[in-house]
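**Student:** Here the protein sequences come in this chain order: A and B.
Be aware that the first sequence starts at 38, since it is given in our numbering, and climbs by one per residue.
Be aware that the second sequence starts at 38, since it is given in our numbering, and climbs by one per residue.
Don't take every hint at face value.
Note: identical chains are not told apart, hence a pair may lie in one copy or across any two.
Taking lysine to any residue pairs in the SDA-like style, the calculated list, with each CA pair at most 25 Å apart, reads [stated by the list, open to error]:
no. : residue 1 : residue 2
1   : 128       : 165
2   : 158       : 58
3   : 179       : 121
4   : 188       : 40
Keep in mind the hints are simulated off the structure, nothing from the lab.
Protein chains: 2
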Amino acid sequence: MMDEGIGRVSQIIPQMPAPEARLCRLMLMVGASLEEELEFKLKPHKLNHSEFLTLMILYSRPDGSSTPGELCEFATQGATNMTRIANALVKRGLITRGASEEDRRRVLIRITPAGRRFVQKMLPPMFPRVATMFAGFSDNDKRNLSRLLRKLAHNLDQLSETPPP
Amino acid sequence: MMDEGIGRVSQIIPQMPAPEARLCRLMLMVGASLEEELEFKLKPHKLNHSEFLTLMILYSRPDGSSTPGELCEFATQGATNMTRIANALVKRGLITRGASEEDRRRVLIRITPAGRRFVQKMLPPMFPRVATMFAGFSDNDKRNLSRLLRKLAHNLDQLSETPPP
DNA sequence: ATCTTTTATTTCATCGATGAAATATAAATT
DNA sequence: AATTTATATTTCATCGATGAAATAAAAGAT
Numbered sequence: 038m039m040d041e042g043i044g045r046v047s048q049i050i051p052q053m054p055a056p057e058a059r060l061c062r063l064m065l066m067v068g069a070s071l072e073e074e075l076e077f078k079l080k081p082h083k084l085n086h087s088e089f090l091t092l093m094i095l096y097s098r099p100d101g102s103s104t105p106g107e108l109c110e111f112a113t114q115g116a117t118n119m120t121r122i123a124n125a126l127v128k129r130g131l132i133t134r135g136a137s138e139e140d141r142r143r144v145l146i147r148i149t150p151a152g153r154r155f156v157q158k159m160l161p162p163m164f165p166r167v168a169t170m171f172a173g174f175s176d177n178d179k180r181n182l183s184r185l186l187r188k189l190a191h192n193l194d195q196l197s198e199t200p201p202p
Numbered sequence: 038m039m040d041e042g043i044g045r046v047s048q049i050i051p052q053m054p055a056p057e058a059r060l061c062r063l064m065l066m067v068g069a070s071l072e073e074e075l076e077f078k079l080k081p082h083k084l085n086h087s088e089f090l091t092l093m094i095l096y097s098r099p100d101g102s103s104t105p106g107e108l109c110e111f112a113t114q115g116a117t118n119m120t121r122i123a124n125a126l127v128k129r130g131l132i133t134r135g136a137s138e139e140d141r142r143r144v145l146i147r148i149t150p151a152g153r154r155f156v157q158k159m160l161p162p163m164f165p166r167v168a169t170m171f172a173g174f175s176d177n178d179k180r181n182l183s184r185l186l187r188k189l190a191h192n193l194d195q196l197s198e199t200p201p202p
């Protein structure tokens, strides 16, 4: 249906890169769909995407700790939001906030044992649905998709560094 | 960086489908990035994503018209939002609203000549950036990406029809 | 010692999206 | 004719995200 639509548009505007436009639309649709699926799975745990992401970043760090500034970068969030996110996670006892020893301007954020348990408990129930998402994908498909998405991500990064005049 | 993160998590939780989780994260990142890029390109025209999508759907229809109900489906929007979107586009003279002849409960939404001109003017400047996004993609890459995204979209549709107990 | 820079938080204001429920109108069903 | 269903709009309320600017505290530079 979308295919026909883009087909008709590209008949009127022939310079249009139709295959690429189709891919954009597909990516947007799949991205939104995935986002929805994720938020859906997070809802029962009263987490939103950025809180979850922040928690997972901490969980996956060798020492389980980071600083607000770092987390802003990794989770692509503004400082204001990161303060909020940290507030929420601290209140639930999943992370702690403390002053850094070396540089006392910095705040050390650290996942708690309860936070680790929480992650270990909430992740496994997601696995079946994740697996289902890629039903019918051969190993080769997955490698290919990964490669192409990375290339796309790279190109998009370039683009966002070059906002047109 | 994300790769290492997921790698470490999957060492602690070995049942995790790590490659699939990586693909999810990639998709989410690329999706968000694309969304941003799109909104960025739409901003100068004072359009948001759903208004643009709605306008493009109308533009791409053979007769340039549709109804609110249909548009809700195609643009995955609630009825309330579609009313708002239509309001905005009518106010700018890009579409018209009129009663349907056959079924006077329905409202006929139709793109205006000004709306068509608007689309034809705003699209071409986007093409270079779209092309840049897929720099380094062979025709085969594009076909493959399209195929895999469609498969993924299909699987996600299945999933959303099966909200777990 | 003073000024500048870095880091994080707080305050405040706004924007945008969303959606449920009530309303209006017309078609379909009985 | 009366009731039910379909379609669209309006009203209202809320939620969430966002971000700029002011503030605070500490490190670094002069």
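**Student:** Indicate, hint by hint, whether the structure satisfies it.
**Tutor:** Results for each hint:
1. 128 / 165: neither (30 Å within a copy, 47 Å between copies)
2. 158 / 58: between (41 Å within a copy, 17 Å between copies)
3. 179 / 121: neither (36 Å within a copy, 40 Å between copies)
4. 188 / 40: This pair counts as both: shortest intra-copy Cα distance 24 Å, inter-copy 15 Å.
Hint compliance for this structure: hints 1 and 3 are broken, all remaining hints hold.
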